[in-house]
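Novice: We have chain X already, so just place chain U on it with the hints.
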Amino acid sequence: MRPYLLFVFVAIFALAGCEQSPYRDGEALYKAQCANCHMDDGRGLGALMPPLAGADYLKKERAQLPCILMFGLADTIVVNGQTYGEKMPGVPTLTAVEITNILNYVNNAWGNQNGVFTLEEVRKSLETCK
Amino acid sequence: MIKHIFWMFLLVAGLAACGGEEKRTLPILGERDVVNGDTIYPTVPDFAFINQDSQLVTNATFAGKIYVVDFFFIHCPTICPKVKANGVRIYEKYKNDPRVAILSHSIDVRNDTVAALKRHADKLGVGTPQWHMVTGEEDAIYGIADNYFSVATKNPEAPGGFDHSGRLILVDKNRHVRSFCDGTDAEETSRFMKDIDLLIEEQFGAKASK
Numbered sequence: 001m002r003p004y005l006l007f008v009f010v011a012i013f014a015l016a017g018c019e020q021s022p023y024r025d026g027e028a029l030y031k032a033q034c035a036n037c038h039m040d041d042g043r044g045l046g047a048l049m050p051p052l053a054g055a056d057y058l059k060k061e062r063a064q065l066p067c068i069l070m071f072g073l074a075d076t077i078v079v080n081g082q083t084y085g086e087k088m089p090g091v092p093t094l095t096a097v098e099i100t101n102i103l104n105y106v107n108n109a110w111g112n113q114n115g116v117f118t119l120e121e122v123r124k125s126l127e128t129c130k
Numbered sequence: 001m002i003k004h005i006f007w008m009f010l011l012v013a014g015l016a017a018c019g020g021e022e023k024r025t026l027p028i029l030g031e032r033d034v035v036n037g038d039t040i041y042p043t044v045p046d047f048a049f050i051n052q053d054s055q056l057v058t059n060a061t062f063a064g065k066i067y068v069v070d071f072f073f074i075h076c077p078t079i080c081p082k083v084k085a086n087g088v089r090i091y092e093k094y095k096n097d098p099r100v101a102i103l104s105h106s107i108d109v110r111n112d113t114v115a116a117l118k119r120h121a122d123k124l125g126v127g128t129p130q131w132h133m134v135t136g137e138e139d140a141i142y143g144i145a146d147n148y149f150s151v152a153t154k155n156p157e158a159p160g161g162f163d164h165s166g167r168l169i170l171v172d173k174n175r176h177v178r179s180f181c182d183g184t185d186a187e188e189t190s191r192f193m194k195d196i197d198l199l200i201e202e203q204f205g206a207k208a209s210k
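Sequence lines, in order, name chains X and U.
Residue numbers for the first sequence follow my numbering, so the first one is 1 and each next one is one higher.
Residue numbers for the second sequence follow my numbering, so the first one is 1 and each next one is one higher.
Keep in mind the hints are simulated off the structure, nothing from the lab.
For clarity, every value in this text was computed on a predicted model and none was experimentally measured.
Glycine included, each C-beta is placed from N, C-alpha and C at the ideal position.
Please note that the accuracy of each hint is not assured.
Residues on chain X that point at chain U, a partial pick, calculated with CB under 10 Å [stated by the list, open to error]: (1) Cys37; (2) Gly44; (3) Ala47; (4) Met88; (5) Pro89; (6) Pro92.
Next up, chain U with everything else stripped away, as it sits in the complex:
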């Protein structure tokens, strides 16, 4: 009997896996509300930050685009460089695709000035304006981290003085968060990049270029 149940499980799991492989749609993440019988999905609120080229970056910057979000600071002694390395992989893959953008928020507003962000971008080899490295009001940056299911706070006890998650977050053109991964992990990031391709197909009806 037990053996039977075991095989049933395997079969069900196997079928479920197949179904997922065939036509997977990314879920809309976050707690949803039902208002008057309509489901309301959480959306990324309005924001306004300044990027490495002193340009204003708002929701309008990403209108009609999907974008990848993370939180970092330049003098981060721990996970940031690994997340950045995986960010560079994403950048390299999509830098010629204007439908995809990257938005990296510095959580060290004191040190990571526009000039410092510019230098940082240059050293990473980021030459196109598709990857925005932004600074802004400290509260606004820490506040919006919540909407991206990320942690960003000051913590004098933490290495470098800040606590933050190394997540990469994928946002669709309707301001919905659709996927995320541990940006310190190369394999997780590979999976995440497949999700980006999937979202491109869903939202633009065409396969990812290249």
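Just chain X, same shape as in the assembly:
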């Protein structure tokens, strides 16, 4: 009886897991490191925090994204036609693997369909950071 119950539980958990984003690690990292500013739903905040959900910037500046996560951004940028100029602090303790996970989550959550980042691609981008 008992082992059987356990099995059912595991099955339920596994099924529940399927419904969520395939980028679970990235999602957890996003919630911890980014959601305070960009919000859980990626919508950003007014003219202070740019959105990530549906953001054209993610496609246009794909090669820059790893460096932005690691070293931040203090620039005047335009996202979906709106200008932003606040400072984003980077998270220099992130590893290339973690950056890959976060970027895969961000680029495929909230209706985004910007494809997958490979660890290789992220490593190459990181070499170009100024």
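Specialist: Quick look at chain U alone, frame taken from chain X:
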């Protein structure tokens, strides 16, 4: 027997929940004193700050109003934007109701000048004077945080250089704190907004507009 006790508990809990749903009154928060047989409730003390439009903001600004309080700073790398996002929800809901105001205290008096607060308000889309973003004497701001059951201090170790709680606090027109919530949490804020409606009904005898 144990089973019986369990059911009793459920029943009592259920009844209590029903009673609360029907006609809930928000408690007056804080430690009360009894003086000569009278209960004295803690009240928010006098204050004087300057808002984003260079206007003096005092208790008189909120006379006859209920208001929501928080503490923040503009270059906050952690919880502030989430609290602000929930503050914007409250602002959007009550911006046409002159009985409700919002008072956000900057705890970074060095950087968050009146001009910086003005820019911040503009970028949040806050166009009416109902949401006061204030600065003032550092000690006065850190001191009054206590009265709102909030934390606001300098801490070089903390991200951004300050420690503060992301609470939203509800104050009634008699200067009593009546409710608060974790302003980083959208669901808690929804609950808190119900408390605002409840307080409007209690203090103004009419339902919240909209």
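Novice: If a hint holds in the structure, say so; if it doesn't, say that too.
Specialist: For each hint, the structure was consulted:
1. Cys37: Hint on Cys37 (chain X): holds, closest Cβ of chain U at ~5 Å, below 10 Å.
2. Gly44: holds, 9 Å
3. Ala47: holds, 4 Å
4. Met88: Cβ of Met88 (chain X) sits 9 Å from chain U, so the hint holds.
5. Pro89: With Cβ-Cβ at 5 Å, under 10 Å, it holds.
6. Pro92: Violated. Min distance 13 Å.
Comparing the model with each earlier hint shows a violation of hint 6 alone; every other hint is respected.
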